[in-house]
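Q: Sequence:
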Amino acid sequence: MSVQAAARITAVLDGRGATALPVLESDGPLALRRTRAATAPYARVTVVGAMSAPLGGDRLSIAARVEEGARLTVDSAAATVALPGPGPIPQPASYDITLTVGERAVLNWLPEQLISASDSKLHMTTRVELAATARLVLREEQVLGRHGESTGTLGARLTVHRAGRPLLDQEVAYGPGAPGGWDGGAVLGGHRAVGQLLLVDPAFEDECPETRLLGPTAVLTRLAGPGVLVTAVAPDARLLRTVLDDALDELLDAGRR
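The sequence shown begins at 15 in my numbering and counts up one residue at a time.
I should point out that these hints are in silico values taken from the structure, not numbers from a laboratory. The model shown is predicted, which means the values in this text are computed figures rather than measured ones. Virtual Cβ for every residue (Gly too), placed ideally from N, Cα, C. Honestly, I wouldn't trust all of these hints.
As the list claims (entries may be wrong) - Ranges between beta-carbon positions, derived for each pair: (1) D250 with A34: 34 to 40 angstroms; (2) Q105 with V233: 21 to 27 angstroms; (3) P102 with D220: 55 to 61 angstroms; (4) G229 with G101: 31 to 37 angstroms; (5) P230 with P36: 45 to 51 angstroms; (6) D89 with T139: 18 to 24 angstroms; (7) A93 with G31: 18 to 24 angstroms.
Kindly produce the complete structure, drawing on both the sequences and the hints.
A: Below, the structure written as structure tokens:
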């Protein structure tokens, strides 16, 4: 039996200058827990999987809203594994994420990897609405198949608007049924971990990092606005995370200068 579940987070700035969470609604396999933030005045929410999901046929969604001046970090306790579910014919599942960040607000969206298990079918969408002075760090990582197995079918689309105007809209697809060449040298080159890091920072209005290679399997792309996108592939999740973490450290240093 498929599951439909929708979780919600709302972060606001309270009268003491700290971030409060008046809305923290869990649902189904999406259990949200307030955890200790590394730095004030951030609030931190960790997504804890309450059951195996998404399975074939599941419809999952998370909506996070960060109101004016608030600061929120959202991470997860473990990787998300897309599984085929019961039945002889795998059914597609969906996972929709909606993020809204207000004026002078900050959102760090840093989940663990999404693993596409063999025979699974998942389509994931991430929609982001940013105010003109909002700041965003967003990381997405996909691992194509568990150890020793082939990947399932995975499609992912990321759409970002800033101050009502498009900043980024891209879509990727991997596995059986994806366009031909998805595993070739022009896309993955045989790698099984792929990820991206998006940083939107008003400080980049004045000086934004230029497009350049970050080693043999990663590139930093300057967007048409105060933002950059790092895209990388790697043999495994550990090496992918190292590339993205190094890039984030460098970009945060650039934003502080």
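Q: Hints the structure violates: just list their numbers, smallest first.
A: Of the numbered hints, 2, 4, 7 do not hold.
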